[in-house]
Structures are given as C-alpha cells and as structure tokens.
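**Student:** Based on the provided sequences and hints, a complete structural model is requested.
Number of protein chains: 2
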Amino acid sequence: MKPQVQSITSFSNPKVKWVSSLKEKRSRDEEKKFFIEGYREIFKAIKGGSDSSVPTLPVRLHSLFISPDCFLGENESKLIGSVTCPIFELPKKIFEKISYRDRPDGLIAVAETPNANYDWDLFPALNLNPVLIIEGVEKPGNLGTILRTAEGAGVGLVLVTDPRIDLFNPNVIRASTGTLFTLPTYISSLSETIVNLRKQNYSIHAVTPEGKSLYSNTDFRKKSAFLFGSEQYGLTPSAKEESDDTLYLPMFGEADSLNLAMSCGIVLYESLRQRNTGS
Amino acid sequence: MKPQVQSITSFSNPKVKWVSSLKEKRSRDEEKKFFIEGYREIFKAIKGGSDSSVPTLPVRLHSLFISPDCFLGENESKLIGSVTCPIFELPKKIFEKISYRDRPDGLIAVAETPNANYDWDLFPALNLNPVLIIEGVEKPGNLGTILRTAEGAGVGLVLVTDPRIDLFNPNVIRASTGTLFTLPTYISSLSETIVNLRKQNYSIHAVTPEGKSLYSNTDFRKKSAFLFGSEQYGLTPSAKEESDDTLYLPMFGEADSLNLAMSCGIVLYESLRQRNTGS
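Chains as they are written, first to last, in full-length UniProt numbering: chain Y, 1 to 279; chain F, 1 to 279.
Hints listed in this document are in silico derivations from the structure and should not be mistaken for laboratory results.
All values derive from a computational prediction rather than experimental measurement.
Beta carbons: idealized from backbone N, C-alpha and C, even for Gly.
Don't take each hint at face value.
Stated by the list, open to error - Stretch-level coverage of chain F by chain Y, calculated; a stretch enters the list once three of its residues show a Cβ under 8 Å from a Cβ in chain Y:
1) 94–108
2) 145–151
3) 267–273
**Tutor:** What follows is the structure in structure tokens.
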C-alpha cells in the first residue's frame, strides 16, 4: 500500500528535533535508528548488495523526510514511490535545519540500526578475494573513503575490528557515498577474524610503515586479507604478530606522505592489478 | 640579529584582525601575503625542497605569531630561533581566534606570496620523472592531499593548470601537510605545459573514466607526465586530445568509487612500482 505523505509545517514539530538528534551517537544508540542523507546514499541503502556470497548490512527504512524544493535530479519521485515507510514532507527552511549538508538534496531517511556483528558461522566467506580488515579506525570520514575505494577495487568483504567510531556515523555514510550499504561491511574482533580467515587459507598481510616486505613484491593472487591500523596508533602489536607478513609502501619525502585511506587504495589496486593480469 | 618578541595582549590589536583576514582570498591578494599554520607546515616552508633540479616555491616569512601555551612538542623554540622576521606572542585565547584549527599548536606564520607561475625558460625540467599535471582543480583539500601523496610517490614536479582555487588557500597547505613547500609546485597554462613537456620527450598520459587503455598496462618507465582533470568536470576536451593516450582505472561497483586524489595516488604508485622493479 502506498504510504500517505504527511506534512510537517512547524519547527517545533517533535519529529524535527528527533531526526536531528540522530546525528549524535547517544541518540542513535537509544533509538536504535540512524540517519541516511542524500539521494545516492538512500538509493544504495534500499538497493543493497548484489552478487556477493556475503549479504550486505540489512537496512530497513523507518521513515523518510522529503523537501521537494531541494530536489536536484529527476529520479526522486521514483525513489519516494518505492518506499513503504511513512513519509514526511517539510518546507525547505525546516529541512535545512535537520540536514547534515551545506546543500541538502531534499532526502533524509531514518533506518533501523542493523546488527553489524559478523557471524562467522553463517558466512564463512570462502570465495572472497580480497578481504579488507580495518583495525581501530578513528575518523568516520576515513572509513567512508576506504569503503568507497574498496568497492572500486573489488573487495569482497570489509571487517572493521575494534573501531573507535560508530559504523553508522553520518560521516561514514557520506564519505562512503552509500557504499556502506552495497559492500558487505561488518564488525568483528581481530582475534576471531584472524582465526577464521586462517582456517580458510587466507594470507593475512599487515600493512604498516615498519613493514618488512615491499607491498608490490608480494603475491596477492591467492586468497589475501589486508590488515590496516588506526590513523594515530597504527596496528596493535598483536595484529602485526598474528599476520603472515608485514608490508610497507615505498615513500619519498617525509614519512607521513600517505594517509590511511590512500595507503589502502594503493595496496588494494595493486592486488586488483595482479589478479587482472595474473602477474 | 635575533628578532625581539613583541607581545599582543588585546583582541583589538589590529594585527589580530589582519592575520585572520588572510584566510580570505581577497585579503591574500590585496596584501600579497598568505597564512601558514602549524609547526610541520612552517618547518617545511622554511626548509624548502632539497635535491630537485627545479626549485620549490620561494617562501619568505613576513612575521610569526606564537602562543607558547599551545605548544605540543619540544622543537618549537628551535624553529622560532631560526627565523629572522618579527615575532609576536599572543595569549592562548587570542591565538585561538586567529587560528584555523580546532586544536592550534601555537604557531602561525605570515609569508610573502611568491610568484607561482612556472618559468619554462629557466627550468626545462629535463630529468624529472614523473611530472604531475592537475587541471582545473576545485577543492583545496584535494589539491593538498594530491601534493602530499605525490611527494611520497617521488613526483619531480607538479603543474597546476587553470586552477579554480588559490594555491595559497589555507586548506591546500593544511591537507598537503606543508608539501606545497617541499615539492616543486607551480601554475602553468595547459597548452604551454603540453608543448614544453613534449619538446622534452615526455609521454603525456591523461587519466579519465573514459580512458581507452588500462593504466597498469602502460609503460611508465620512460619520462611520463600524468594529467588529471577537475573533480566535477573532469578533463577538458583539449586536454584529452593533446595527450598521447587516455588511461582508465578498473572499477567495480558504482562509477564514482574513486575520488580525484585517490586516482592520482593509485596511478602514481603504479608508476613508482614500474620504475622500482623495472617491469
């Protein structure tokens, strides 16, 4: 049944405050909801993943907030027509208040926060290459950029271990351009991740400035998992010890030339190059 | 002669307003000065480049603003002792007002804006490999990240053609972590750039999603120049026509998986891999 569109006309409508509050972790935890802004991001949240053996995060929309005055494209009505959750229409001025963006595009969804813990029993991830492990990531924007790049490089599964951030932080979703919903991305402990990947004959490559082997001299055609540490602290000692090898990227100039997301992208594209060319 | 440190104790001191104003392009243009914040960035501005045949941008400090209460490290006094320009000391509260950062580290320099136009007669750039050309870049932070990564990948010279931003925007400097001052970075027109590089037997590789050749199947061991377009508009038609070839990066998922800086980093590190391994 097509949901009816309800109008919100006042700044003091409690829904306005409620949606805005979901930008904060405390409210997301209390409400078990999160905030998805933007056509592209909501589109991907509805679409989900496609051809992976591991499902993407199960996202169920709770409500949709729209402001047709802000629409930028031509496909908004199709997207709105495809949802079954309650829809609220807001004038531009009120929408701008709940928006997270400088130039909102008139679409904000609230979704039920899914369980993001990886279930190793259900999804052993046998045929995915490569797998990406991100340990202790601190900046939501970095994780988002990593997800976006990982999808481009054909990563099959991303495991976020011991994150210092909330996976459903609006900045993760924004920087990922919605890839959080189309690339299988889960939380797992590092020890469980390593044990399970090793059981399945993955080589676990830790990438760190103190690595011992040149990344591009390493064979990534076999089942590979790449392990990256946090922006500030790098990899934990146990992460380095538990890996099969440690890899470095060559670097001219100062040692801080590459940020975390850039290092990820370079290594992931080298692995794609090797898989594509067979050498 | 060691400069004397002058104290600023009032918010209404005209220097406070003046330094702050340099965050805006109009003031930078009027004053012919720009704003460098942070120990690392000022250190690199003083140090400049080292072993390149092309000099880095000539930076001359005009004045230094310090707030010892904000210092984070142990080398600030050495840096302060090395400058010959006037030095002004501010209490933390006033310094925070002129700072561009959330957590200022107590050091802001004002420098004379150098002429950033590349002089092809003086510096023919004969033995640099690779050269990086960035056309029409729109976001200061992206240019900064590109410079930082380019230095890591051993780029010899960066030419920014037809930029839509000011090279001395504080966000360029910040995202570059000061690499703007240690890696030769200049402005040039695209046509002059292409003519001059071709004279010197550079292959000019345009990188674009509509490229015809796979980037990693291309030989980058010869003298190579990489040409990247703007975030929103990509390469201009003439940039594509004037290049020797057009290269693409393979991409799974959506077509927008890689941002400009990430594409740059991946291609530059592939060129470094080829130069290092000879294949």
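**Student:** Each of the hints needs a verdict: does it hold here or not?
**Tutor:** Consistency of the hints with the structure:
1. 94–108: violated (count 0)
2. 145–151: With 4 residues in contact (Cβ-Cβ under 8 Å with chain Y), the coverage given for the stretch 145–151 of chain F holds.
3. 267–273: With 4 residues close enough to chain Y, the hint holds.
Checked against the numbered hints given earlier, this structure breaks only hint 1.
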